[in-house]
Amino acid sequence: MPPVKRAWPRAQALSANDLPWLVRHDAGRCVLCGACTAACTFGAIEAKLPPRGASAAVWEARKEKGRDGGEARRPVIVQRAEAAHACTGCGMCEKVCPAGAIRPVRNADNRWGVLSRTAEGSGGAPARRGGRGGRSVVETPSRGRTLDAVVIGRISQMTDPALDSERHTFELRSPLGRLLRPGELPLRVEGGRLALAGETPPVRWIYPVIFSDMSIGALSTRAWEALALAVAWLNEECHLPVRMSSGEGGVPTRLLESELLRYFILQIASGHFGWNRIIESLPRMKADPAAVLIKVGQGAKPGDGGLLPAAKVAPHIQAIRGVPGATLHSPANHQGLYSIEEAVQKMHLSMNAAFGFRVPVAVKCAASATSVAVYNNLLRDPYHICGGFFLDGMLGGTGAAYAVSLEHTGHPVVSVVRDCYRAAAGQGLQGRIPLWAGGGVGMNGDAAADAFKLVCLGADGVILGRLLLQLLGCVGNEHGRCNACNTGLCPVGICTQDERLVRRLDVDAGAQAIVDYMRAFDAELRKLLAPVGNSSLPVGRADALVATRRDVADRLGIAYAC
Amino acid sequence: MLFISTVNGHERMSTRDLLLRIKSAVEAGETDFRIEASGQHDIGGPLWNAQGRTLHFEVSNPGQRVGSMALPGTEIVVRGPAPADVGWLNSGGRITVLGDCGDTTGHCAAAGVIHVAGRAGTRTGSLMKHDPRREPPELWVLGTVSSFAFEFMGGGRAVVCGVDAGGGGGEHPAPSVPLGERPCVGMVGGVVYVRGAVPELPPGVRGLPLDDADLAWLAPGLASFLAAVERPELMKALSRWRDWRKIVPDMHGGDGDGAPGGRDGAMRRFRAHSWPEGGLFGDVLPDSGRVTDLVASGDGRLRAPVWDAEAGPCRECLACVRACPQAALRRRGATGGGAPCVFSVEPARCIGCGICVAVCPQGLWRLVPVPEGAPL
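Keeping their order, the protein sequence lines are chains A and B.
This note's numbering puts the first residue of the first sequence at 821, with every later residue one more than the last.
This note's numbering puts the first residue of the second sequence at 53, with every later residue one more than the last.
These aren't lab readings, by the way, just hints derived from the structure by calculation.
Predicted model, so just to flag it, every value in this text is computed and none were measured.
Please note that a few of the clues may not be correct.
One side only, chain A facing chain B, incomplete, derived with CB under 10 Å [what the hints assert, rightly or not]:
1. K825
2. G863
3. A919
4. T1020
5. E1045
6. L1049
7. E1057
8. H1059
9. L1060
10. D1124
11. H1136
12. S1225
13. L1309
14. Q1317
15. D1328
Covered stretches of chain B, going by a simulated chain A footprint (3 or more residues, C-beta under 8 Å) [unchecked claim]:
16. 77–87
17. 105–112
18. 119–132
19. 282–296
Here a beta-carbon is modelled for each residue, glycine too, at the ideal position from N, C-alpha and C.
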């Protein structure tokens, strides 16, 4: 038998063992149905004949039949050792395999940290990925999350009256809008009665949860619609007045010109994408939006603007945003703003004016070591046109971002919420500009507990983002599974504009999962309120909390318990 | 005509009071305004007449954001200069400023026309866009613009004539610095016409000479612009087209880079009664609502096999036909007959798994990515 000619790899060649995930394939179980290679959106696996040569099977065939068994070679599924086709661990292959013959396994020996920045096709470009940031913070085993070191420790037992979560009436409403101090209310006495002598800023009293800021470019049409549908259902069928922020990337005209708009917060960020259509719809709006949210920054990648890769700038996105099908970077800063004062003057005043001073206007910043200074400035706003301060901590994030921003920038939200609340309370201004907190809320599935603790520390409500995608079927996690939101190849049809992948997502089932989760959230929130003895949200009632870590207790100013 | 003077002795009308007064007058049917402002912001937008009549504004001494968010049917003339953000987010208004403009003029404008009779400040034209439902937005500047102009521009047309505002002399030579430092960073769409020297441009953006299509738009547009800013005598000096360049981004195309559910159908029923018919995106991206499996055939395939007779001799071993898990491969031409053997794929069965590619001993099958929406 002639020797087999081979091209042997060089030392610098990639192998699967350099990649973050290894695909394990059991040829003995495989039925060669082709489902795994067909389902993989990343092209990470392919069918290949095993190489010619005397494998164990060939030796057996020779013994029995006296020939080399070459024709009996049977394809196997192999992993492509290419950075551009690296397995992301999403596990769709395992999901579709009828024989349990294939699955991805995490590869501790990978060299992805360097390969993602240097491999062919990405040479010199910063590494990008999707998904949640701050993994290194999350994964520190000795510390864990701050909120997990905080317990609701003040339980009413023969002290203040405990309530019954099933039977008591609770008032779970939070403000979005500027609240005046009693002395600032334009009141006069008319015939022995108090009457309003002027206008007061608009305030919405809503459920203490806002669905956050995921744009119609980042999400597929179906994913965005599923979120919107869940919001409408929660409002109209469940009496849970949850609001949803549009994200910045345009808002469907059909929503803008529908009564449903009252459940939605219109976001304006540095790219101002889609605002021309929002403005054009003004004459035809049947309802005012819930609010306008000015996004200055986001917690997952503070200091960085939005990033929509070209693969996701589909024709309808191009039309709504008014741009060609190129990679879209939103500027890191609002280009017309140079100071806090100007931000208040320009953005807040203009957005108030655009909607006739009938719609609250709030601002969202990435949580930062400077958040208290910003909040203090906002609190001094003499025009009463800032209707909320949204703090977005690290651990959030959904779309595409530079990996270095996701992993190494940001600020946990918990201490910032506490600092802002205490700064306001020190001036007697707490509750005047509502504080809303996001960034990793519910990342372990317990959003109600996270929300309750943040409220006790001073937040008026919380912002949920990534959790909603997980309810729609996102398989990504903080440990590197999938997180391919930046590729346009989302295997479950959420963060993609490829219609073949979008069709994988069931809008009604996704909306139903979100509705079910929020109903559970509401019941769980009451379960936490009742033992504390509050029938309304205990904003700033940090005495209800104890910390099981001394450093957390000291930093947040709550009791230490052990 | 409604005349509003905003200063009465030592009392100055607040922005809020002025805007609400204008709004209520518009709602009452007023269409002509003359406003002697004293720095009030946001004059001129977004406003609309219920009968679709045009709203005219003549403004002096405005604050920031004249004509910001202006809608089609709004026409604004500013007598004199205007500070920052003229025509910010312009959505269709015609705005003429008979003087210099401040920073971020035309920022995020997506429709409408802005005429500037003087210079414009830093970040002018940044993030301009083009909504395909409208004509591209226009931004005309008679003078020069400051640094960082046209950053992140996504669409629309801007024209910088580079006429020295302090001018005189009658010659109006093309300026050496019509644009300030670092223009067009992050520009992905639209076009900027510049008279004079084009400075160094960032990667992905380049300066080109004008072609006939450019002139067909620019020449008549320039005439009406000069009429609007009351400088028609400049037409001759500005019509030396060899002085002009256009700045455009390079061609785009990337940066290298069953039945619906819901429990008991309740969500589906809710959608039928309480949701825009055809879905929120039905007007821009119709969606049948069909949900497919992770493994799909036909137009749901991500990849498809292609048989290439040129790649080598087919020995008609039929390994591919036998291995295909979907029985999707067909052979035409008889073995030993005159007609050569040809293989084809039935898209309705094929899932694009690539097993045929693996088993072919001659390497005649290739698996190729299928672009979205490609014909079968």
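Hints and how they fare:
1. K825: Hint violated; A/K825 Cβ to chain B Cβ min 15 Å, cut 10 Å.
2. G863: With a closest approach of 7 Å, the A/G863 hint holds.
3. A919: violated, 12 Å
4. T1020: violated, 13 Å
5. E1045: holds, 5 Å
6. L1049: Result: holds, 6 Å to nearest chain B Cβ.
7. E1057: holds, 7 Å
8. H1059: violated, 15 Å
9. L1060: This interface hint is violated because 15 Å lies over the 10 Å limit.
10. D1124: violated, 13 Å
11. H1136: holds, 4 Å
12. S1225: violated, 17 Å
13. L1309: This interface hint holds because 9 Å falls under the 10 Å limit.
14. Q1317: holds, 9 Å
15. D1328: holds, 3 Å
16. 77–87: It is violated, with 0 qualifying residues against the three required.
17. 105–112: Coverage by chain A is violated for the segment 105–112 of chain B (0 residues, Cβ < 8 Å).
18. 119–132: holds (count 4)
19. 282–296: Result for this restraint: violated, n = 0.
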